[in-house]
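*Asks:* Below, each chain spelled out in residue letters.
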Amino acid sequence: MIYEYMNGIKTLSVIGMCKNAGKTTVLNVLIEECEKHDEILGLTSIGRDGERSDLVTNTKKPEIFVGRGTVIATAEGLLKQGDISMEILSSTGQSTPMGEIIIVRAMSAGYVQLGGASITEHQQLIRDELLGFGCDRVFIDGAISRKSLGTPALCDGVILSSGASYDPNIAVTVGDTAYFARLFSLPVYSGEASVMRYTAVRDGELTGANELNELIPVLREGVKVLIVRGAVTDSTASALRNIGKLLKNTLIVAEDASRLLLKPVMFEKLLGFTRGVSVLKGTRLAAVTVNPFSAYGTHYNKYEFKERVEEALRMAEVDVPVMDVKYV
Amino acid sequence: MFDGNQLNSIGFRFVMDNIELLTPYGEELARHPHFYGQDEKNALKDEQRNIAELMDEVGKDPDGINELMRLLMPIKDIRRSVESLNLRTLTEVELFEIKRFLLQLELIAPKMRGIGEKLNGIDIKAMPKALDLTDPDGTRSPSFYVSDRLSEKLGRIRRERREVDDRMKKDGATDELMACRTQLAAQEEEENARVRADMCDSLKAYRDDMMSNIRSIGRLDFALGKARLALKYNAVIPNVGGERFVIEDMTNPRFSSMLREKGRSFVPVSLELSRGSVVVTGANMGGKSIAIKTLALNTMLAMCGFAVFAGNAEIPMLDDVFILSEDREDAMSGLSSFGGEMKAFDDMLRGTEGKRNVLVLLDEFARGTNPHEGAAIVRAAATLFNNRGSYAVIATHFDGVAKLAIRHYQVAGLRNADVGVLRSKIGSGGADMLAEFMDYGLYEVDPSEEPPRDAVTIIHALGVCDEFTELIDIET
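Protein sequences, first through last, are from chains A and B. If you count the first sequence from 1, position 126 lands on 126 in this note's numbering, and the numbers rise without skipping. If you count the second sequence from 1, position 211 lands on 211 in this note's numbering, and the numbers rise without skipping.
Here chain A stands alone, though its shape is the one from the complex (with noise of 0.2 Å):
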């Protein structure tokens, strides 16, 4: 059911809000997918993952399960914890405390244990190599972080993972999961931009400045677009709403939703006193999946769970389906 999302996707990542959210139950579902549609995978993460119990919370994890013909990068001290059978293809040249990223073909249908470079352009390299050595698609295990969404510069579709191990609170998972979602879903502004930290537009006429006070006589004759370059944090958005009733008409353009880096309460501010926020990037958010059961005891409804992610992302005009893990 899931595969018919992915249409149009060539790189997708696979993003899990928290450890044990059913990333990799999403994962599989995907390769079979994927397999049964005679598509030639790559496979690839960002950091570690696929493994067989968790580190931090020892919960026992599914672990991926690839078929034959499955192109892998991964670190050589992952390699001999898989089972497949393998041709090596290319050392990569990359390190990672597991040892180099080796790219292999899969020869046999087997478990494979992923860990990836965690520099961006690393991540780029390796996908384009992937991509290089015929697979259809390339899959990437996101990163799993609270503050950041991974690499939207790396894949163009994201699925969303969320479940009850993120916090024991259901209001604050869906209201958390809703404001992900809606990063993802932000609108993408297709306009020039300057190398500088900020980048005001106005007449079509671009000024570019590292710092916002020196943009402030531009911004008071009325700017319709702010591009800001880099992270946009708690406090780019404090130093903006200071001079916020210049930003009255003003949308405010981040590079990508990974950029964003606000509490949900800072970015309803930075919409409250500016016309919007775009991005220049965009990323189609393809799907958000949701897992009721916690590694840490406190399970959700998993009627409950769902609905409530739904009604969540509709308050947010977010349209993209929500699927329960096991029904993936």
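It should be emphasised that the hints constitute simulated quantities derived from the structure, not laboratory data. C-beta atoms are modelled at their ideal positions from N, C-alpha and C, and glycine is treated no differently. One or more hints might be untrue.
What the hints assert, rightly or not - A short list of chain B residues far from chain A (calculated; beta carbon distances all over 12 Å):
#, residue
1, Leu29
2, Pro74
3, Gly242
Unchecked claim - Simulated pairs of lysine-lysine, BS3-like, Cα-Cα distance not exceeding 30 Å:
#, chain 1, residue 1, chain 2, residue 2
4, A, Lys306, A, Lys263
5, B, Lys355, A, Lys326
6, B, Lys403, A, Lys80
7, A, Lys10, B, Lys129
8, B, Lys170, A, Lys36
Given the coordinates of chain A, work out where chain B should sit on it, guided by the hints.
*Replies:* Just chain B, lined up with the frame of chain A:
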């Protein structure tokens, strides 16, 4: 020999950072360049001939050299795997690396035809038999797979495994099929390891040849790096091993690059040394230290088999080179700078006792003490090296040292400058203005010439505050 700090200060590090290397083996040689000692004249000459050949080849066949460089670039460090062949069964990734190396040899070896015969100690040979071992199917593909061809049993297990995979795909992963799959995977791993053990056993016979190829690749890479560096900077291969010690029109890329940033250029220096003490005197800020360091750099480079940054160079074989300058680090020893300097001097004297073929460079030796005793100390040092008959260059301000010199060089400094014009521009441009008037050239003068007295003129030229300079004028 020099410590890291000194290598940096004389500009040796700068040169090493500018040499372009393509393989980990070449990089390793450049990290600790070999100093060719007294008894390694032939080896040094061989290395020089290699560089000359490669410089020639870069000129004659730039495309061929570019192609060779392109082929060297993918070379990785496989020494640990090759050395482990005697100890254990290599992993698939390690065998992959060895196969890639052997494949690369197939490409490099033909490119070495012609040039390879002219190079000493560099012999890169293809190893088709070893490659066949890692590539039993003979596909020469750049990947590695333990082929079914090597074991009937392996082929059978894999066929069975494939059947189970296919059934799982069709019927789903039943417990029974999963158990069967796990068992077959374990069997395959076991047989795979046995086949690899056999492969490693056969590869052992080629271990020495692989290591010899690796050494050749390292030497080629390093020599090619040296050759390209020499061409880039117009460096010349010194004539080594004779009795004369003369370097003409020396430069130092580190200082050249620093001066270029200020819009100035390096004034080449020439020095001829004789056994005994050569003394360099001259104005403050006139470039004595720079001259000493430039001599240190080029002598070190020559002894490490590099071309030198000079117009012409003749350098005898040396056992060692020492420099004592203010760049020495005494912080750890707890001695004062004077104490540290004397301790280092003592270490050097004891270490080189009885050795005539050493070069000792003293930059403002004993600068930390009073001029009366300082001059006596430096005179004693000059006499000591005269007695020992080793090569020494002593840069000093002190009086009465030059007259002991075998040769005396002086920085012209402000000697020929129009001091009137200089004084009229006082304070207008500080050090940069001073540079316009300063003659950085180094000239051989009679040992009876005393060091010039232009410290006061320089203080004026630097625009030091009037309250002070007026008092100096009264004092002098």
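*Asks:* So, for every hint listed, does it hold in this structure?
*Replies:* We went through each hint and held it up to the structure:
1. Annotated as non-interface, Leu29/B keeps its C-beta farther than 12 Å from every C-beta of chain A; the closest such distance is 20 Å.
2. Residue-level check failed: Pro74/B sits 10 Å from the nearest beta carbon of chain A, not beyond 12 Å.
3. The claim that Gly242/B lies off the interface holds: its Cβ sits roughly 46 Å from the closest Cβ of chain A, which is beyond the 12 Å cut-off.
4. Among the hinted pairs, Lys306/A with Lys263/A is consistent with the structure: their alpha-carbon atoms are about 23 Å apart, no more than 30 Å.
5. Proposed proximity of Lys355/B and Lys326/A is contradicted: the alpha carbons are some 83 Å apart, above 30 Å.
6. Note on Lys403/B and Lys80/A: the hinted pairing is violated, with a Cα-Cα distance of about 76 Å set against a maximum of 30 Å.
7. For a cut-off of 30 Å, the pair hint linking Lys10/A to Lys129/B is broken: about 42 Å separates their Cα positions.
8. Restraint check: the Cα-Cα separation between Lys170/B and Lys36/A comes to about 10 Å, which is no more than 30 Å; the hinted pair holds.
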